[in-house]
Amino acid sequence: MQFFLEVLVAGALSGVMYALVAIGFVLIYRASGVFNFAQGSMILFAALTFVNLVERGVPFWLAFGATLLLLIAAAFAIERFVLRPLSNGSVITLFLATLGLSYIFEGLSQIAWGAQVHALDLGISDDPVSVAGLSLSSFDIAATAIAGSLVVVLALVTGKTNLGLSLRAVAADPLAALSIGIRLDRVTVIAWSLAGFVALVAGLVWGARSGVQFSLSLIVLKALPVLIIGGFTSIGGVIVAGVLVGAGENLAAIYLGPTIGNGVEGWFAYILALVFLMARPTGLFGQRTWARI
Amino acid sequence: MNAPHSHAPQGDDRSRSAIALHDISLSFGGLDVLREVSLNVRHGEIVGLIGPNGAGKSSLLNVMSGFYRADRGGVSIDGARLDRPRPQRVARAGVVRTFQNLGLFGGMSVLDNVLTGRALHGKVAWPHYLLRTRAARNEDHHNRALALDALASLDLQDHADTLVSALPYGAQKRVELARALAMTPRTLLLDEPLAGMNLDEKQEMVAAIRAARDIRGATVVLIEHDIGVVLTLADRLVVLDRGRVIAVGPPATVAADSAVIAAYLGTRH
Chain A
3 MQFFLEVLVA
13 GALSGVMYAL
23 VAIGFVLIYR
33 ASGVFNFAQG
43 SMILFAALTF
53 VNLVERGVPF
63 WLAFGATLLL
73 LIAAAFAIER
83 FVLRPLSNGS
93 VITLFLATLG
103 LSYIFEGLSQ
113 IAWGAQVHAL
123 DLGISDDPVS
133 VAGLSLSSFD
143 IAATAIAGSL
153 VVVLALVTGK
163 TNLGLSLRAV
173 AADPLAALSI
183 GIRLDRVTVI
193 AWSLAGFVAL
203 VAGLVWGARS
213 GVQFSLSLIV
223 LKALPVLIIG
233 GFTSIGGVIV
243 AGVLVGAGEN
253 LAAIYLGPTI
263 GNGVEGWFAY
273 ILALVFLMAR
283 PTGLFGQRTW
293 ARI
Chain B
766 MNAPHSHAPQ
776 GDDRSRSAIA
786 LHDISLSFGG
796 LDVLREVSLN
806 VRHGEIVGLI
816 GPNGAGKSSL
826 LNVMSGFYRA
836 DRGGVSIDGA
846 RLDRPRPQRV
856 ARAGVVRTFQ
866 NLGLFGGMSV
876 LDNVLTGRAL
886 HGKVAWPHYL
896 LRTRAARNED
906 HHNRALALDA
916 LASLDLQDHA
926 DTLVSALPYG
936 AQKRVELARA
946 LAMTPRTLLL
956 DEPLAGMNLD
966 EKQEMVAAIR
976 AARDIRGATV
986 VLIEHDIGVV
996 LTLADRLVVL
1006 DRGRVIAVGP
1016 PATVAADSAV
1026 IAAYLGTRH
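First to last, the sequence lines map onto chains A and B. Quick note on numbering: our numbering labels position 78 of the first sequence as 80, and the sequence is numbered without any gaps. Quick note on numbering: our numbering labels position 199 of the second sequence as 964, and the sequence is numbered without any gaps.
Just chain B, with the same shape it has in the complex (with noise of 0.2 Å):
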């Protein structure tokens, strides 16, 4: 994959490490949800993470998006430790997330939604927005052209202005992909991308996650049930079960792995 305008890492960019925990121990109330959880991504890479039911991904994904706060351990990104990982510091450091249960705004368009990405990259004060002087006109004409290339890379352009609630489930998923593709991300943390899709969807959105690497550089972890989809998507696999790491390594090497397959895959017969 060879795109014109690539900006797909090459070289020893992949050996940097994109985000990384340090030993996150987490509990709610006395259930230990993850118990020294050390992971590293490395720029570039599509690592998915996988497990059973409460085997403590999605907390993991809050942990390193700043919604949750670990009890003890650390995390890195791009190099650079984070004390206080709190969302806004985390979205501003270039990693963005999804929600499992979608997070876009209800009563506001396609467009509109996408647009919202930008506000992290806004430097002109609002007062010139609304007396549209050059310099807001300059930013807002940028903006647009940064999320109408984002929709349309996930086949969304004739949407633009629909009511994002009017849409199916599946589109609703890829709409917030394009937001935070807007954002130009460094990483992406995508918590079950796929969920609620059909066949036909989830080629689509599999493709999207690729070209989201392949053409704008950005790491991928995913959280994700379908685990012939993960299989083939993801460079790395981290299997979680009870709040620890069982295994991680490259697909076919988990996939065969005896712990995973009695924690996750069920017994062979």
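Chain A extracted, bound-state conformation (with noise of 0.2 Å):
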């Protein structure tokens, strides 16, 4: 039971680093209604500029800010010259430019700071430590602390701030919001720069995990299934999502793993992402929309 445990708890910390992912595809979602394929390459792209200042003996927080400065101006350039040229465009339409972004974001990237692997060290530890009797990683825990800060923080700018309003009303109907005075472009570019936000927070969490390289664009893969059953539009959604994921992962690595072969983590979470788009398309919390016909 201890056993037990141990791997749903490790694997649900784990999942919240799922989720962390999955945040920035959610903020973008809601403002742009598309899938920002270029999500992965932004936090690529975050962590390797923060890393490679950090190299040049730039202190902690003003590589933070820096770096956090270069998402703000990619947000806006982003909106002048690709969303707004695209606005009357289709979904696919602008599902594709984003495609296109995530190569200009991981050819800059490289341009810039080379393809090396880079170590990153955020002064958290590794180490077991034990809460409630359960050994847990330090550093899981110290993810999951800081996703949570994350989360609070855009849960009270979406809900308690009167950007959150306009946020949600261009998430709900951009045409209504429109009519009604709501400066789409000024919405979009804070949206994007949010995104960034959380994308070098996702970027520093993941490289010190697992090193600043060229893999950690790929962890879209990993928050897709998160994204399908937590629901595109609901950040609540996809951290409960991500917690499912990761404890489900693990405990199947576990305990499946030995009888129908290893590898079970890799595709256990498309099986599950795969359940809940036949029974519950728009994920746990997402919204379900009527149209009149």
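Just so you know, these hints were derived from the structure itself, not from any lab. Hints are not guaranteed to be accurate.
Derived coverage of chain A by chain B (criterion: at least 3 residues anywhere in the stretch with Cβ under 8 Å from a Cβ of chain B; other residues may be distant) [claimed, not checked]:
hint	region
1	165-174
2	183-191
3	247-261
By construction, the Cβ of each residue, glycine as well, lies at the ideal position given by its N, Cα and C atoms.
Fit chain to chain and form the complex, with the hints in mind.
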């Protein structure tokens, strides 16, 4: 029982790391109505920029601020040169544009910072600690705390501020938002900037866990099942889904792995997502929409 | 009607133009939707836009609100010509529209929907709201008061916390008008505000539209198919047929116009 709980909680904690990636998708999906394929490359770009600045002797917070400014500048450029010209385009056009964006981010990162692997030390140790009798990783606990505070801040911004009201309005009906004078361009830039901020935090946590390297951009593939289960529109939903996927993966790897073969954790999340697609296509907390016909 | 806090325009304000169209032409792929339409709506007027289906009424409203860009012609708001009327600029100039098929924000409460109408007037940046500074609390308080007042004027005060999509259709139409009123508009463009309503709801809505003009001083342009209602509500009727204005004038005169009768009301037996 003790062992089962440890597997469960350790999985759930690492699942929060998936959710950290997925939140960036939710922010942009709500504002621009598109699955931002470039989110993974933004994570790579943010982590590479940060780690290279730190390696050149820039203090932590200065490097953090400088990287964030770059991501905000990118948000302005994306709104002006990608989203605005395509504002009448279909969803698939926008999606392909974000696919293009991902190549630009990847290319720029490698031109500027090269392709070698960097170690990133955030000063968080990865030792086993005992919590309520369970042996857990201190890094996982710290990552969960970071993700948790990020979610609280984002929940306050979207739930308690005038900006949040506009963000939700644009998400619900961009045309109606336009008619009441909401500045779509500004809301878009802010949403992409927030997604950039989330990408930076996710990049640092993931970079510290597995090294800052090209494969960071592939975390997208881990975030996808989390998004399907949690719903593309709900930040709370992807947190719960991340925990579900993380815990499920770990349990499957330990208890199913020996009987049906290793590597269960590689595909378990997708099978779970497939079940959700059939049973609850809008996810756990995703908003169902109705259309009058 | 002389309410104590009446903003109703008086005297020569009545002759000023609230919104005007100059020789507007619009076509979609060879189909002429609007042909050289000119129209001058005066301050404090209620203008009814009528005409058979496909006459171009909604297109005209879309041009006025900046959602359609006319091929030729221009739009003036309060006497100032807008070169490129875009929805957001039109809204900021005080011209607010509603939609034929509702333009509400589904997953939000009735009060939040109405509060979005205040975004346009917001002067305090969002970090203030996050930190709950005095400026943010004052603005929020002011906005809520205006939103609740708008809700009360449409008899929706008991539904402030209801999810908007849970309300019946007629009530959603009223929420949309409440949001428009919370924006303190100078001109309201209403696309079929009475559609899908029963008789009681229609009477309430008509009273609310009248009050928007009489008490809040808004100019109103509305598209409506219920001729009986339009005849009593509007000061002036504009009749469109196949993209052209075929008659303008007081309801009684227009209703007797033979061209209008032929085009719209049916042939007299």
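Hints and how they fare:
Coverage of the region 165-174 of chain A by chain B holds in this model, with 7 residues showing a Cβ closer than 8 Å to a Cβ of that chain against a need of three. Residues of the region 183-191 of chain A lying with their CB closer than 8 Å to a CB of chain B number 4, which satisfies the three-residue condition for coverage. Counting residues of the region 247-261 of chain A whose C-beta sits closer than 8 Å to any C-beta of chain B gives 0, which falls short of three, so the coverage hint is violated.
Hint 3 from the earlier list is the only one contradicted by this structure; the remaining hints agree with it.
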